[in-house]
Structures are given as C-alpha cells and as structure tokens.
Amino acid sequence: MVDQSNVSISAQSISVRRDRRKRNRPPYWMIAPAVFLLAVIVAAPFLVSIYTSFTSLNQYSIGNWLHAPFVGLKNYISAFTQGSAIGASALQSLWVSVAFSLLTTLCITPIGIVAALLVNTPFRGRSWVRALFLIPYVMPVFVNAITWRLLFMNGWGLVDKVLAWLHLASVNTFWLIGPNSFWAMVIADVWSSWPFIYLMVLAGLQGIPNDLYESAYMDGATQVRCFFSITLPSLRPILSLALLLSTLNHFNNFTLPFIMFGTPPSPQADVLPLNVYVTSFQTFNFGLGAAMSLITLVLMMIPAYFYIRMLRLGEATT
Amino acid sequence: MTHSMSLERRFWQRLRIVLLIVFGLAILLPIAYVVLVSLTPDTEVGGGSIFPTHIAWDNYRLMWSTVHLAHDIGNSVLISGCTGVLATLVALLASYVLSRFRFRGRKPFMVSLITMQTIPQVMMLLPLFVILVIIQNALRVHLVGQYVTIIVTYLTFALPFACWLLLSYMANIPIELEEAAQMDGCTRWQVLTRIVLPLILPGMVVTFVFSFLLGWSDVLFASVLTTPSTQTVAVGLQSYIATGESGGSVFWGQLMAASLTSGIPVVVIFLFFQKFIIGGLANGAVKG
Numbered sequence: 000m001v002d003q004s005n006v007s008i009s010a011q012s013i014s015v016r017r018d019r020r021k022r023n024r025p026p027y028w029m030i031a032p033a034v035f036l037l038a039v040i041v042a043a044p045f046l047v048s049i050y051t052s053f054t055s056l057n058q059y060s061i062g063n064w065l066h067a068p069f070v071g072l073k074n075y076i077s078a079f080t081q082g083s084a085i086g087a088s089a090l091q092s093l094w095v096s097v098a099f100s101l102l103t104t105l106c107i108t109p110i111g112i113v114a115a116l117l118v119n120t121p122f123r124g125r126s127w128v129r130a131l132f133l134i135p136y137v138m139p140v141f142v143n144a145i146t147w148r149l150l151f152m153n154g155w156g157l158v159d160k161v162l163a164w165l166h167l168a169s170v171n172t173f174w175l176i177g178p179n180s181f182w183a184m185v186i187a188d189v190w191s192s193w194p195f196i197y198l199m200v201l202a203g204l205q206g207i208p209n210d211l212y213e214s215a216y217m218d219g220a221t222q223v224r225c226f227f228s229i230t231l232p233s234l235r236p237i238l239s240l241a242l243l244l245s246t247l248n249h250f251n252n253f254t255l256p257f258i259m260f261g262t263p264p265s266p267q268a269d270v271l272p273l274n275v276y277v278t279s280f281q282t283f284n285f286g287l288g289a290a291m292s293l294i295t296l297v298l299m300m301i302p303a304y305f306y307i308r309m310l311r312l313g314e315a316t317t
Numbered sequence: 000m001t002h003s004m005s006l007e008r009r010f011w012q013r014l015r016i017v018l019l020i021v022f023g024l025a026i027l028l029p030i031a032y033v034v035l036v037s038l039t040p041d042t043e044v045g046g047g048s049i050f051p052t053h054i055a056w057d058n059y060r061l062m063w064s065t066v067h068l069a070h071d072i073g074n075s076v077l078i079s080g081c082t083g084v085l086a087t088l089v090a091l092l093a094s095y096v097l098s099r100f101r102f103r104g105r106k107p108f109m110v111s112l113i114t115m116q117t118i119p120q121v122m123m124l125l126p127l128f129v130i131l132v133i134i135q136n137a138l139r140v141h142l143v144g145q146y147v148t149i150i151v152t153y154l155t156f157a158l159p160f161a162c163w164l165l166l167s168y169m170a171n172i173p174i175e176l177e178e179a180a181q182m183d184g185c186t187r188w189q190v191l192t193r194i195v196l197p198l199i200l201p202g203m204v205v206t207f208v209f210s211f212l213l214g215w216s217d218v219l220f221a222s223v224l225t226t227p228s229t230q231t232v233a234v235g236l237q238s239y240i241a242t243g244e245s246g247g248s249v250f251w252g253q254l255m256a257a258s259l260t261s262g263i264p265v266v267v268i269f270l271f272f273q274k275f276i277i278g279g280l281a282n283g284a285v286k287g
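Taken in order, these protein sequences are the chains called A and B.
Take the first sequence: its letter number 226 is residue 225 in numbering that gives the first Met the number 0, and every next letter is one higher.
Take the second sequence: its letter number 77 is residue 76 in numbering that gives the first Met the number 0, and every next letter is one higher.
A few of these clues could be false.
[What the hints assert, rightly or not] Here chain B is said to cover these stretches of chain A; the calculated rule only asks that three of the stretch's residues, wherever they fall, bring their Cβ under 8 angstroms from a Cβ of chain B:
| id | region |
| --- | --- |
| 1 | 47–55 |
| 2 | 97–106 |
[Unchecked claim] A few chain A residues that don't get close to chain B, going by computed Cβ distances all over 10 angstroms:
| id | residue |
| --- | --- |
| 3 | 75 |
| 4 | 166 |
| 5 | 185 |
| 6 | 210 |
| 7 | 214 |
| 8 | 279 |
| 9 | 295 |
| 10 | 307 |
Source of the hints: derived by calculation from the structure; they are not laboratory data.
The C-beta atom is built at its ideal place from N, Cα and C for all residues, glycine as well.
This is chain A alone, in the form it adopts within the complex:
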C-alpha cells in the first residue's frame, strides 16, 4: 500500500484523487445501526454496571433504584471477604477459575496438536475422522454438560461403574459434589473443548510449506526431529493465539458448570461466572454481583490486551 502511493503524482491524478476521496466519504449511516445497537445494549449497561457496583441494589430497592443506598467500596471489599451468602467468596472463585482455565488449556493443547497431526496427512477414511473429531466441539455445550452429568452420576454413572470394576475407586466416588467436582469439570471441559486447539493447529499446518519437510527428510531427520524443529516453531503464532483464546473462553465458561452441578455448586467448582450468577440472580444482591463482575472484567483485560495486540489492528487491512 505504502509503496504504491509513493509513485510520483501528477496534477491530474491529484484532482482525480480528490474527486475520489469525496466519493469515498464513508457512508456513516451504514455503520450507524451497529454503533447505536452496541451503545444501547453494551456501553450503556456497562455504565449501569459500574454505578450498581457502588450501591447496595437488591430486589427490594430496584423499584426505587435511584435511591438505592450508595455504599462506596463496600461491595468490592465483601467480594473479597465473604462473597455470596450461599457460595464461595469471589476470591476463592477467582482461584478456581484461574486454575480451571489454565489447567484445561494446558491439557487440551497436546491433545489438539496430536489430533491435528494425525489427520494432516491423507489416509483412507480421513474425512470421516475429521468429522468425528469435530463432534464434541460442535455439540451444544448444554448437551455436553448433561452428558457428563450423567456419566459422573454417583453410584451408577458410567465413570463410577468403570472405576469400581477396575478396582480403582469406590462406586460411591462423589464427582458432582465435593472436592472431586473440580476434576469432573476439568475432564468434561477437556472432552468438549480440545477440538478448538485441533482446528486452529490444523489451519496452521496448512501454512507450512512441504519442501521444508522434504529437505529435512533428505538430511535424514527423524519425524520427532522434524516436529520439534519445523512444525512446532511454524505453529507458534497460531498456537499462541489459540492458547490465549482458549484461556479467555474457559474463564468465561458458565454453561458447563451451571448444568453439571446446578446452583449453588460445591465451592471447589464455583467458578467466577457461576458465582456472579448466583449472587445476582438467586440472592439478588445486584450491587455485589456487579462488583464481582467488574473484578472479573479487569482480570480479563490482561489476556484481552495481548489478544488485541496479537491481531495487529493498526497494520492489517481487517
């Protein structure tokens, strides 16, 4: 783009350019609906959320919301100390969420890479395998959550039955309540989200030129060597994007624990979005809920910042 505009410009082309610029004034009316909608349904609620977080708004005071008592930072303080009446404190939820999102991302990355490598080279029935690999991911999350709720049912679920049959654990290993619920959530989430990494890696693998492998093969490099010296370095950009997005998505995952455990969940599985939900819509403590969600938002801005930087908005055309 820059090179082309550096071509010397004659007087005639200047007038053409000026004419064109006039014609190329952005049709603002086209973008107006999007801007208006987003201002009304995202920006305005966001401001309301900030205001709410400084009040003790609840289901009783909402009828007269302008006079809801202003409590300053009290909600933020209690978010870190006590949390909702029936669940874990926000601080505890925060750790659950961080552990959950990092651990699941860590687990699905090697699985996704292996799966992508498995189907990258052609073989008979490959398109069927590719379709199969997509199924856990494209199944609606609420269906996956119900599936795993069934599998983890105490006493008669498939997981308990198989574990008891193998003499690995008691048939009454409680998975959906108590300390195991965190691991149940991780397992269910790994099962339903690994194809995301798989898809990203698969897209990345298309961009690696084949002659790199050919020349490495000529030099007698082993498959393992090729993977660590060619494949993995080439995948780095898309892989880091995938890891970032995966961490973000997992942090915001509400549906899976909500349906698997119901509300309120065990404190060990009380992820932050679920905690905010219970605080806001079951104990109707809107002020505290808003404070907790703003804390979440501030935390999300850290990975989001890197995400935005990675997309390089200023330079690319999109």
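Please arrange chain B on chain A, whose structure you already have, making use of the hints.
Relative to the frame of chain A, chain B by itself:
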C-alpha cells in the same frame, strides 16, 4: 538406511492407528452411553446393569409431553433465527464500512468489537436485567420474557462476533471491482447490493449459522430473561434436572433422548459447513 526408514515409518503408522482408536473411543463412548441411556426404560436407569433388558423407544415418544419440547425447540428456532438474521444484516453494513474506509474512530471501534467478545456474558446480563426491570417498573410494560427482549440481548454477543467474522470475508473481496463500478456511476448502495452482496453471500451464510448456534447454545441469558412461554430448549431441558433437585425422580432416559434431539441437528449443520469452520476459526471466531 532404507531399512531403518521403513521401520520408522511402520512404527509411526502403527502409532497413528493406535491413537486414532484411542481418540475414536474417547469421543464415541460418552455419546454411545447417552444413546444407550436414552433407550433405557426409566425403571432400569441406575440399576445394576448398564444394558437395558429391552429397548425403550417410548422415551422418544414421551419426551414431547413430559416437557413442552416441541414448543421450546420452536422458541429456540425463532429466537436464534431472528438473532442470526439481525446480527448478519447489521454486521454486513458495519463490516463493509469498516473494511473499505479509513475514518476517525475506526480503530477504537474495532478494538471495542474484540473487547466485547472477551467480556464475560454474565457481566452483561446483570446490568441488562437491572435496566429491563427499571424500564418495566417505570413504564408498566412487560419486557422480561418477551421474544424481542431476548433477541436484542442476544445481539450483545452475536453482533460483535458477526461483525468480526464478516470483516475477514470482506477483506478477501477484491476492491477493484467496486472501484470499476463506481467509475461507471454506481452509488455506494448499488455497489454494496450489486457487487459486494453476491460475493459475500457465502460469508453471510456462515455468519448466520454461527450466530444462530450462539443463540441456540445459550443458557445464561435464556435462564434469566425467558418465561416458560418463551423459554428455549436449553432451558427447557433443565426442568428435567430440576425435578431431581427438588426431590423427584429424574427421567434420565427422556432427558437423554431430548438432549440428543436438540443436539444432533446442530452437529449436522456444523458438519455440513465443516470446511468453512476452519477458516472462520482461524479468523478469531470465539465459541464459549
């Protein structure tokens, strides 16, 4: 040398077959179990044996009357469909302007589009709910539980997503065609409808499908903003579980049958659009 190479190759081939089987089992076993339970009579679910004594097709018949499954699926289709259409059309106009023009506020707008996709949805739901209740109280109208309300609130996540997805498709349409059309005296609107629209149509279809599925899979917004008459299938299925939590017995067989009924069409749609998904994801599409 050649001998060791062929040995190595054979090792990797064996490993691939083993891994493919492991992956296949890991994916299919839970699904197979769900299918099995969906065909198990309610009296036998939770019994000693995994396999039922007889296949209970009744589950697939009774599920339509135990909860209002057909009604809920209809609601899901209506709400997700409207969300998809609205998001795609508004995003088409916005992404066209964003990709073809440089103007003040363009970059902040695009940054906020991405930021909106990273915002936890529960954080949007709370103030939206508060605003809706305030308006309801002030104007004495009913908003919570209306189709319009849930569709508009779905746009909070569907619209930024649709804009972003369509932007990547816009970028791949050569601008030369549009310039030529402008030279021939086409207006901006004519350029959009006659040149861009036919080329972006595949992208619009994908955007619609993705937005539709975002709405279909949502549980959070629907569980707060719908009433029994407007509830989506994702919420409807919960009523099976709710009976268990309140002490009743859960109709596991019917629940699994209903889950499969609401999940399989989505899987089929996705697999149909499979080759588009990889491109869409590489462009930063987000699914929760």
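Results of checking the hints against the structure:
Proximity of the region 47–55 of chain A to chain B, defined as three or more residues with a beta carbon under 8 angstroms from a beta carbon of that chain, is established by the 3 residues found. Coverage of a stretch by a chain is defined here by at least three residues with a beta carbon nearer than 8 angstroms to that chain's beta carbons; for the region 97–106 of chain A and chain B the count is 0, and the condition is violated. Interface exclusion of residue 75 (chain A) from chain B stands, the closest Cβ pair being 15 angstroms apart, more than 10 angstroms. The beta carbon of residue 166 (chain A) sits about 17 angstroms from the closest Cβ of chain B, which is more than 10 angstroms, so the claim that it is off the interface holds.
The Cβ of residue 185 (chain A) lies farther than 10 angstroms from every Cβ of chain B, with a closest approach of about 15 angstroms, so its non-interface assignment holds. With 10 angstroms as the threshold on Cβ separation, the claim that residue 210 (chain A) sits away from chain B holds: the shortest Cβ distance comes to roughly 19 angstroms. The beta carbon of residue 214 (chain A) is kept farther than 10 angstroms from every beta carbon of chain B, the shortest such distance being approximately 16 angstroms. Distance check for residue 279 (chain A) against chain B: the nearest CB is about 5 angstroms away, which does not clear 10 angstroms, and the non-interface claim fails.
Not every beta carbon of chain B lies more than 10 angstroms from that of residue 295 (chain A), the smallest distance being close to 5 angstroms; the non-interface claim is violated. Separation of residue 307 (chain A) from chain B is inadequate, the least Cβ-Cβ distance of about 6 angstroms not exceeding the 10 angstroms criterion.
In terms of the numbered hints stated before, the structure departs from hints 2, 8, 9, 10, listed from lowest to highest.
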